[in-house]
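Visitor: Residue numbers (the working numbering), protein chains in the order written: chain A, 105 to 389; chain B, 197 to 438.
Everything labelled a hint here was simulated from the structure, so no lab data went into it. Treat the hints with care, since some could be wrong.
To be verified - Okay, derived cross-link-like pairs now, DSS-like style, lysine-lysine, Cα gap no bigger than 27 Å in a straight line:
no. : chain 1 : residue 1 : chain 2 : residue 2
1   : A       : K201      : B       : K274
2   : B       : K240      : A       : K201
3   : B       : K257      : A       : K347
4   : A       : K200      : B       : K235
5   : B       : K235      : A       : K201
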Amino acid sequence: MLKELKELWAYRELLYVMVQRDMRIRYKNSALGVVWSFLNPLLQVFVMSFVFSTFLHIQVPNYTAYMLSAYLPFMFFQYCVLDSAQSILLQAALIKKIYFPREILPLATVIANFIHLLIGLVIFFGFLLFAYIRDPRVIPFQVTTIYLPVLLVILFMLALGISFIVSALNTFFEDVKYIVQVLLYLLMYMCPIIYFAEQVSNTKLNLDHGFILYKLYNLNPVAALCHGFRKILLAPVDVPVGKEVAGHMPTPWPYIGVAAITSFVILVYGYSLFNRLKWKFVERP
Amino acid sequence: MSEFAIRMKDLRKDFAVSHAGIASLKSLIVFWKKRNIVKLDVLKGVSIDVRKGECLAIIGKNGAGKSTLLSLLARIYKPTSGTMEVNGRVAPLLELGAGFHPDLTGIENVYFNGVILGLSREEIQRRLPSIVEFSELGDAVEAPVRTFSSGMMARLGFSIAVHVDADILIVDEVLAVGDQRFEKKCLQRVEEFRQNGGTILLVSHQLDTVEEFADRCIWLDQGVVRLEGNPADVISAYRAEG
């Protein structure tokens with residue numbers, strides 16, 4: 105693996121150009137351009153928070169921000185996996201003609217999406233400021249935001265690892281792409297995005313079985329990370345559970361630690377799997 | 197430093213070919229028993245040495261293994277067995293413009309292709325005027341490549357490839373880009389490259405070009421070297437076979 109990493113470093117210039125190309129192509133022929141990369145999550149979250157607070161009567165102040173804080177990292181993960189699934193096949197003509205480390209393709213996809221995530225976070229803070237001006241009770245900035253880089257690094261490792269696996273497998277079996285689409289759809293409901301982790305913790309099922317449900321729930325690294333992002337970016341909030349109100353929980357650092365280890369293992373495994381399969385991309389039967 | 201630019205020893209390559217194709221899990225599971233994957237030996241032990249500064253031509257019928265040989269050289273495949281040693285930077289001229297993206301402009305594509313071929317962005321920036329001039333595209337390089345004709349694309353691709361300062365140039369039937377005048381210009385450029393001590397590997401069906409250009413010629417037939425030697429001799433033997 106060291107040999108491959110060394111080679112990757114030698115090709116860093118290509119990686120840079122590849123990311124640049126990816127960002128350029130994405131919105132090349134659209135009038136709104138890069139605006140789409142944050143208009144999309146904003147619209148989704150506005151609709152969801154409207155449904156939840158108006159139709160389902162869940163009263164949490166500034167619900168939109170709480171959803172957005174977890175939806176942005178989730179959306180990054182989702183787009184990375186979906187885009188990289190296609191990344192090798194879309195460049196089939198190129199990899200049949202010329203050599204370069206193949207891992208640059210999914211890596212460039214993940215980096216381009218990561219840049220979009222960073223833009224999204226800037227918009228997010230802008231949104232918080234806007235919410236603060238409208239309602240000064242909402243504090244726009246948390247001290248814990250300094251932990252943001254830590255979570256971003258873990259999330260990046262996880263997304264890259266899964267992207268390596270998915271892109272390598274999808275090159276041989278295009279079913280992988282469809283399986284992944286379904287799984288990602290399910291994953292969204294298994295992460296605290298449209299609801300709160302406190303609500304999971306306070307379900308009867310969980311309380312009756314010695315918190316086993318909540319523990320299992322948090323072993324999913326994406327769930328733990330979404331929960332973490334929400335905790336460090338926004339003020340703690342008490343959430344309604346049935347007719348009562350559940351107190352907020354602290355930032356789930358132990359679970360984030362588990363997620364970090366899981367993500368690292370997935371990244372190492374994903375990269376070695378990719379390296380094992382990459383020579384067969386051009387000569388798949 | 198070795199006196200050889202390329203040394204291949206007993207190079208073999210086989211491919212697994214499936215007639216049904218296993219592009220989905222379903223077909224993999226359903227047709228597991230009758231996958232009928234056929235092993236196809238394309239190269240059956242090829243040993244070729246190319247000296248520095250030499251122009252070696254490889255001729256042979258379709259399916260003789262010429263393109264596979266060049267792809268092995270460009271590190272697109274890994275050989276099944278045998279060894280290969282390459283001294284110097286290889287610039288493949290295989291199917292020019294393979295990496296062009298239709299929505300990007302000519303210039304943006306020059307950067308992308310140049311970096312793939314091993315240049316840094318700075319080097320490309322310095323050579324950009326020369327690349328554009330050689331391609332004779334003028335202001336059209338600012339337009340998206342999708343608006344280019346195939347001749348324009350080939351010209352730009354060739355222009356990038358000859359500007360990468362390679363030690364070894366792989367030329368695979370690409371000199372037929374654009375009109376006769378441009379073709380002549382390309383040949384001239386390749387000749388210049390050779391005079392500066394560059395090594396050339398030429399694969400072509402145009403036997404006249406081969407005879408004119410090559411120092412040495414190899415006839416590849418069904419994955420083995422059939423005949424090797426002086427271009428005139430090899431070509432006449434090849435012609436005699438029909």
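Visitor: Now, for every hint given, state plainly whether the structure supports it.
Guide: Outcome of the hint check:
1. Note on K201(A) and K274(B): the hinted pairing holds, with a Cα-Cα distance of about 14 Å set against a maximum of 27 Å.
2. For the hint pairing K240(B) with K201(A), the CA-to-CA distance comes to about 22 Å; that is within 27 Å, so the pair holds.
3. With a C-alpha separation of about 81 Å, the suggested pair K257(B) and K347(A) falls outside the 27 Å cut-off, and the hint is violated.
4. A C-alpha spacing of about 20 Å is found between K200(A) and K235(B), which places the hinted pair at or below 27 Å, so the restraint holds.
5. With a C-alpha separation of about 22 Å, the suggested pairing of K235(B) with K201(A) holds against the 27 Å cut-off.
In the structure shown, a violation is registered for the earlier hint numbered 3 alone.
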